[in-house]
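Go by the hints and put chains B, C, D and E with the ligands onto chain A.
Residue numbers (my numbering), protein chains in the order written: chain A, 1 to 344; chain B, 1001 to 1317; chain C, 2001 to 2295; chain D, 3001 to 3324; chain E, 4001 to 4575.
Because the hints were derived from the structure by calculation, they are not lab data.
Note that beta-carbon positions come from the ideal geometry of N, C-alpha and C, so glycine has one too.
There could be a bad hint or two in this list.
Stated by the list, open to error - Some chain E residues near chain B, calculated using beta-carbon distances under 10 Å:
1) 4052
2) 4054
3) 4063
4) 4134
5) 4147
6) 4151
7) 4240
8) 4250
9) 4252
10) 4254
11) 4267
12) 4272
13) 4345
The lines below spell out each chain.
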Amino acid sequence: MKVSSRLDSVLPLEGEEVGRVTNVLEVQSLSVEFNVNGRYLPAVSDVSLAISEGETLGLVGESGCGKSVTSLAITRLLSKTARVSGKALFGNMDLLTAKDKEMQRIRGNEISMIFQEPMTSLNPVYTIGGQISETLLLHKDISPREAFAQSVEMLKKVGISRPEQIMHQHPHQLSGGMRQRVMIAIAMACNPRLLIADEPTTALDVTIQAQILELMKEINRDFGTSLLLITHDLGVVAEMCDRVAVMYAGQVVEQGTVDEVFFNPQHPYTRGLLNAIPKFDAQSKERLQPIEGNVPSISRMPKGCRFSPRCPHVMNQCVERPPSLFDVDDAHLSRCWLNVEKEA
Amino acid sequence: MLKYIIRRILEAIPTLLGVTVISFVLIHIVPGNPVRILLGNHYTLERAAALSRSLGLNKPLWEQYFIWLGHIFVGDFGFSYVYNKPVVNMILHALPHTLAIVLVSVMAAHLFAVFLGSVQAYFQNTVFDQVATVINYFLYSLPSFWLGLLLVIFFAIDIKLFPSGGIVNTNVSHVGFFNWLHHLILPVLSLFLISVAGWTRYMRSSMREALLQDYVRTARMKGATEFRVVFVHALRNSVLPLITMLGLSLPTLVAGALFVEEIFNYPGMGLLYWNAINNRDYPIIMAVTVFLGLVTVLGNLLADILYGVIDPRIRYR
Amino acid sequence: MIIQPALMDEIRSQDVLDVRPGFMKRFWKARTTKLGVILLGALILFSFVGPLIYRHSATTPHVLNTVAGPSAQFPLGTDSLGHNVLSQLMVGGQSSLEVGFASALVSMIFGTLYGMISGIVGGWTDTVMMRIVDIILAIPSIFILLFLNVVFQPNLLLMIFVLASTAWLGVSRLVRAEVLVIKNMLYVEAANALGASIWRIMARYMLPNFLGTVVVASTLGIADSILAMAGLSFLGLGLPPPAPNWGGMLADGMNYMFQNSWWLVYPAGICILISQVSINLVGDGLRDALETRQR
Amino acid sequence: MSEALLEVEDLKKYFPLKGGLFGGESGAVHAVDGVSLKVYQGETLGIVGESGCGKSTLGRSMLRLVEPTSGRVQFNGKNVLKLNKSEMRDLRREMQIVFQDPYASLNPRYTIQQTLMEPMEIHNLYERSSRKQRVESILTRVGLDPSYASRFPHEFSGGQRQRIGIARALILNPKLLVLDEPVAALDVSVQSQVINLLEDLQGDFNLTYIFVAHDLSVVKHISDRVLVMYLGRMAELASSDDLFASPLHPYTRALLSAVPIPNPRVKRERIILSGDLPSPVDPPSGCVFHTRCPVAQDLCKKQVPEWRELRQNHFVACHFAGEL
Amino acid sequence: GCGSTPTNNSTNNSTSTTPSNSTTATNSTGSSSSSTPTPGGTINLALPPQTNLNWFLPLMNAASDSVYNSQIVDQLYKPLIWINNDYTINWQSSIASKITYNKAGTVYHVFLNPKWKWSDGQPVTSKDVLFTWNVIKAASAKNAPSPWPFVGAGTGDIPNGVKSVVANSPTEVTITLDKPANQQWFIYNGIIQLTPMPAHAWDKKSNIDSEIKYLGSNATNLMFDSVVDGPFKPVSATSSQSWVIAPNPNYAGHKSVVNKIVFTYEGSTASELAALKSGSLNVGYLDQSQLGEKSSLTSQGDKITPGYPFGIFWTEMNMWPSSPTKSIFDQLYVRQALQMGLDNQGAAQDIYKGYAVPLFGPIPSTPKTTFLDPNLKNPYPFNINKGKQLLESHGWKEVNGVMTKGSQKMKFTMMYVSGSTSSTDAAELMKQDWAQEGVDVTLKPVPFSTFISVTSNPKDTSWDLATGSGWVYNGPGFYPTGGQLFASTAPSGTGFSNAKEDALIQATHVPYATQQQTMQHFFQYEDYTAKELPFLWGLNVAGLSVTAPTVHNVNKYADPATDFPQMQYWWVSSN
Ligand SMILES: Nc1ncnc2c1ncn2[C@@H]1O[C@H](COP(=O)(O)OP(=O)(O)OP(=O)(O)O)[C@@H](O)[C@H]1O
Ligand SMILES: Nc1ncnc2c1ncn2[C@@H]1O[C@H](COP(=O)(O)OP(=O)(O)OP(=O)(O)O)[C@@H](O)[C@H]1O
Ligand SMILES: [Mg+2]
Ligand SMILES: [Mg+2]
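Chain A on its own, in the form it takes in the complex:
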């Protein structure tokens, strides 16, 4: 039974110079607990991720599984009730211990984020122009006039027609799709190395969602920005990502290339998810195969494997001991005792 170092595939080996892949961000054993009524509850446990230059990493999972908390922990935007441990290496700086000043420099400049709700993520009382320029003015030594000009450029890039006019408008005058574009423009204003998108299209309609996904692809392609794409839509992952990490109840349960995870899912949860969604391209209407039961609440995490109460393959050891991430294959990890058995 070999416990994987988990990041072998993307971590540069000591002294290795040739063919080196640079990781923009390396998250190591990130855990987040929230103080709820004096009790610390684990929202995220032992999450490790790595995103390399130009890569798109998908983070999928159902509501409440800790996707947002992970991303907010990395950017240190969690509320004060959170207790964070682990490491988040950005270059050779650990974001989790960096000074506030340093974080402020990095945020919006080297790491940017866009959020699910385009309706509320923009400040209702300031103009679009002001909100885009702000990022530029905060990080670059330029005049407001220049910032304005660059903001207009940025709006053009995210596909907004009449950008000069939009600059003077307020968020409520724009549609959801437009607002999300503006959010992307804000996030991309300083050309960051990493863009974290937390369910950027969940609140949008399909046709608009398609527009935004197209835009993000372009950004990834044209600017070489690494993308951490958080979503619960497996379709979006399939379309956008190079690699994917599946989260369940605060843990990454499976990680690998998109192809591997979709066509060779190892964890029963991943398999369950894939079977539960209606297939759009399927011809016959076969009955869906749901995962029985509900996601455990963070105040009552099962002792062993967190998926064990819902798992069709549950074994005694699943209930007793939590499994760790096991290597399935090169760059394919799964948090399930079954994988150990297989290995053995």
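Same frame as chain A, now just chains B, C, D and E with the ligands:
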């Protein structure tokens, strides 16, 4: 926006008419004949009849109302029974004093409350927040007259820093601006202390709410400093409810002013009203009521407009 | 792949989400709320049970012993007519609290009815009813109170109605706003879809859902009433003696502000202060407990 | 699939917009603008479209939960819009609705028991004791433990709440169930549980569904026929297989191509529509879709396209449908 | 009607007829002035709380006739007759130098002192008196334009009993009456009203009707008084704030010592006290309810001086025909018993800390005047047992602590004026004492305005007893007979009706050959009234004036009985 303002003004008209009806009816249906009070020990039936007639009190009620209303429209609030002066003059005389103390203290209280409330919300549940909250509770709970008198005792009598009342020092031959200001400070301070606690509490919760909003997270994401996050991004949103409240609380402020005016002998609207009510000086009671109704309605209107200036969502409706 | 059925059952039973702590528990959780409840309880005990223990008439004047400082016979001294200040404080607490509670209750009931009718009927009725509220709100309430009190020298009952006469306005607005929100709630639409009558919806869907908010507002209204009563007393329009109340006692004590007769000023003042602080703490606690539920 | 259980003719619902001078009306939201359709006993009619295109409003107008501006709704031979209050109440037993947000649609002050008793109390059905029994049996039927009956909505998960909502709708034994995005708020793993449940119930109770959704995969999965709406109007109506296999309306095509498919190996040509849904307050002239249509012609701006049965049981409102 | 009795006092604010507000200081205690006056300085004089000055003509209308208006007007215009604090005439301070009359009391010659000059140098002449008379005549008409009619109309036969007023010379005016009148009474009530007004400055209109309109519309403007003959002239006036007067340099009498006198408005008793304590006022009033603060003022050197008004205060009984308790109160012995149950002496000590004097008739014993019958002793001194016996001797029995006779019970509702601690305390004390006599009283506080409306309404039966009002004999009529109070038709009465009383009052109005005869009849009226108890006699409560240690002569030159101070004698030391 213009349309919005015009609509609000038009909407205010029935309210104002309502205020005139209420103040008129309320005053005229209650017992206690003003003629009896005006005449005091000079009361005889003959005198009462004569006085009634000369005051127009012998006409039917509705007729009195319409006569009065007609006069109001041309800015004539009649003559005070007691002072025999045009009521308008008396109000124009008293209003600036009340406005002075109310405006200055409201501005001060707001600025202070916005600042303290914001800081408290940001540092919520720290010792600082708790101490400030306790002080707030204390101020909020103190009867205003007690507070006023405590201030008088301390500042005017014990350390003699400020005068105990009045608006100017009649003793000196030359009454300057600073003399006036000197007299303004204690009343303003009282009114400030009376109102600041409530506002701070309100601002604290409003700011708390604002700090939980998504756009605050966006601002942080951009790399804005915490100061910027609070005082640029959250602040403008969190003062919005405060502005509405400000419009609504005008009557309360005037009420506070009544006590302050009484204690500091400040000849404003409150004192005018209080005098009038004791003397059954109908024209003044009614005029002050209508006037305050007007001021309140205008205040609300102003608050709405201010709201529109700060909140673009309203502006374009 | 063998698993004991018992174990499985235990795991499955976690299906149900966390049961949030009950309302009372959330309410009682905050330290400040506890303090408020204790203080308020103490005041109520002091006022209503106190006189049963400390049996000394509050209204008997001891004319030979006026404005006397604390002594064995009069633990908190006597006032200008030789009334026992301690007894007065107790009896005064009764009328202060009674008037406060009762006027809050009256304004709550009336305001709720008014606001509910206005919100539910809507249309012109709503416009007119709310305009009326606007109109009365445009007149400073203290002016209305002064006026009513000058005209009708209030007794306990009248005072309750006088105070309620302006306090219901806020309640009615609050209720109307809540009704408008709840009216558009999906569960009301669901009830409509089931064919529930308007009365049923009012009584079983609306009222229980905004009652909490109204209770909070009314709780805070108790404090406002006590304070308003004190203010009226200061203007000489409070509840008439001999039945004392804190506001009146403090207002009378103002005649001794410069003198060293602290027992005429501070005990009553502190009682008012405590009542204010405790009621506000309790109100805030109620509000917080309610808010958690709505989130 | 013989008799039409529900027949809708030229249904319109305009929401007046307040805000003119003197608080008068300053226009109206054309939420539903001339919808005619039939729903047959035992089928599932899916309604899809973008947010705000009037799906919910259509569903609610059919049940007369909002009063339609004009049009006719015939249910089981009765003209729904002409019924008086008590007749309407009786009719409500036969048509029920399940909402998207299961939490918001449950009275937070009612226990589950109370929630489920409510319909029977309103219609004064059954004895007290048998009511309880029915509550228990329906709870079991929707997959909830009857011991949960004394709990409050906030003590349940989303999926469980949706089951309660369904149970409430079913307890009166309705014929028609309008499902307004019943699974949109649910997690994928739970979503499938509910969909399966709905499918099972339809068989057991011989229900007719009107299934409103914007998730095309779900609609495809569950519906027999599908109506595509755009800006309050009907764009296309066909059997599910027909529609998804060979869509006729350019909007339907774009919609279908936009759906992300959970298969990384499928690479498709996307039709990306430019711009957003126009405002329903003043919808575009002619064909309402012309502002975003990739193949719009001059004609589309001027003339409202006719509702045509282009193939058998395949209706479409487009001037150029079939020619593309 | 009986048209003629001396009347009256100030009106105007809610407590004005309650004892606590009557004002100023007595001569007796007021002679503390030490060294020679230092010229200059300012007097800051507080008015009682909530008192505005609002009328500045010597002739007033009813609504504006307040003590405080009179106080300031008296600094500007010398009256024809200045009444001393013992109700004798101070010829020194009067415009008139003497008045002669015939035996029948129908013709009066008023001689003006030629020394008096208007501030513009013109002499004060009979022309000015005639001008005043003409204005009075026109302004007394029932339908005189607002703000008239004149308050003095009907008092002292003015103007209807006067046949003619003729100027014989610039310094002599002759007044002829239609009917004979008691001379004393006519001088004190009638002639006294003819304060000369500056005809050459004010007589601007061609006809008298427009003239009184003109005067009326300027009455509220202090600055209208540009021509004065008193020691002061106006400087500025701001309502609810201050009214300032300065010495009249052309004044023919004692010139003012101070440079300025500021009448200051005060919003509340609290603000007035604070201002006194902080030193921004140097003359002011202390409310009776603030007696507790006395030592805090005296400790900083302030003098507190009681001033007793020439007035009476009482408890009235509802004897209107519709009153259910009329039959009880109609019995003299009941009234006597009630009076015996009143511990006025105790109240004066306990509640008013000695600043009150018990009354036992229609003329107060303090201030001392010739109108008090020296032989009159308190007919019904406080004696609960005697009162009780008196009731029992008439068949009343105490049942459960309440005197009962047949279906009648000594159970009364007593109204008192709310808003002041001391009046409440007084009412409570009365209740206590009466309870021992078996008289059960329920207290009912009412605002002053309600109080006077209710007690003057013969139909109102909501009260049996009412305490808290009174009467001050200070103008326009000064002759203290009680026609307005005790006569059967008295407008301020409460239903008391007694033929003998009416006759005695009438007798005081008749002319007599000698002063002695006049007084004899007056004393008869006084003694009878004291014993007949149309009202229950209460306390004459002093007004408490506060003077800073630096202010002198205030008490000496103040007249608490009439409330007219001679401010030209007041002065301030620099420290
Ligand atoms: N401030 C907080 N205090 C307490 N618990 C929190 C807090 N923020 C998040 N949680 C809990 O942490 C868990 C993970 O939340 P998170 O927001 O990361 O979920 P998510 O995967 O982003 O879900 P969604 O798809 O709904 O956005 C949830 O159970 C949530 O209730
Ligand atoms: N009560 C209402 N008053 C005014 N406008 C309304 C009302 N209800 C709906 N609308 C408007 O009618 C239009 C259609 O709304 P509807 O809710 O039917 O859309 P939908 O297709 O169900 O959208 P979604 O997918 O977001 O649920 C929208 O523009 C909406 O704003
Ligand atoms: Mg999330
Ligand atoms: Mg909808």
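Hints, verified against the model:
About 6 Å separates the beta-carbon of residue 4052(E) from the nearest beta-carbon of chain B, less than 10 Å, and the hint is met. Nearest Cβ of chain B to the Cβ of residue 4054(E): about 4 Å, under the 10 Å cut. The hint holds. Satisfaction of the interface hint for residue 4063(E) is found here, the shortest Cβ-Cβ separation to chain B being roughly 4 Å, below the 10 Å cut-off. For the restraint placing residue 4134(E) at the interface with chain B, the shortest Cβ-Cβ distance is roughly 20 Å, beyond the 10 Å limit, so the hint is violated.
A cut of 10 Å between beta carbons decides the hint on residue 4147(E): the least distance to chain B is about 5 Å, and the hint holds. For residue 4151(E), the interface hint holds, since its Cβ comes within 10 Å of a Cβ in chain B; the closest pair sits about 6 Å apart. Interface hint at residue 4240(E): satisfied, since its Cβ lies 4 Å from the closest Cβ of chain B, which is below the 10 Å cut-off. A cut of 10 Å between beta carbons decides the hint on residue 4250(E): the least distance to chain B is about 22 Å, and the hint is violated.
Taking 10 Å as the C-beta cut-off, the interface hint given for residue 4252(E) is violated, the closest approach to chain B being about 27 Å. At about 24 Å, the closest approach between the beta carbon of residue 4254(E) and any beta carbon in chain B exceeds 10 Å, and the interface hint on this residue is violated. This hint holds: residue 4267(E) has a C-beta 4 Å from the nearest C-beta of chain B, less than the 10 Å allowed. This hint holds: residue 4272(E) has a C-beta 8 Å from the nearest C-beta of chain B, less than the 10 Å allowed.
Checking residue 4345(E) against chain B: minimum C-beta separation of about 27 Å lies over 10 Å; hint violated.
Hint compliance for this structure: hints 4, 8, 9, 10, 13 are not met, and every other hint is.
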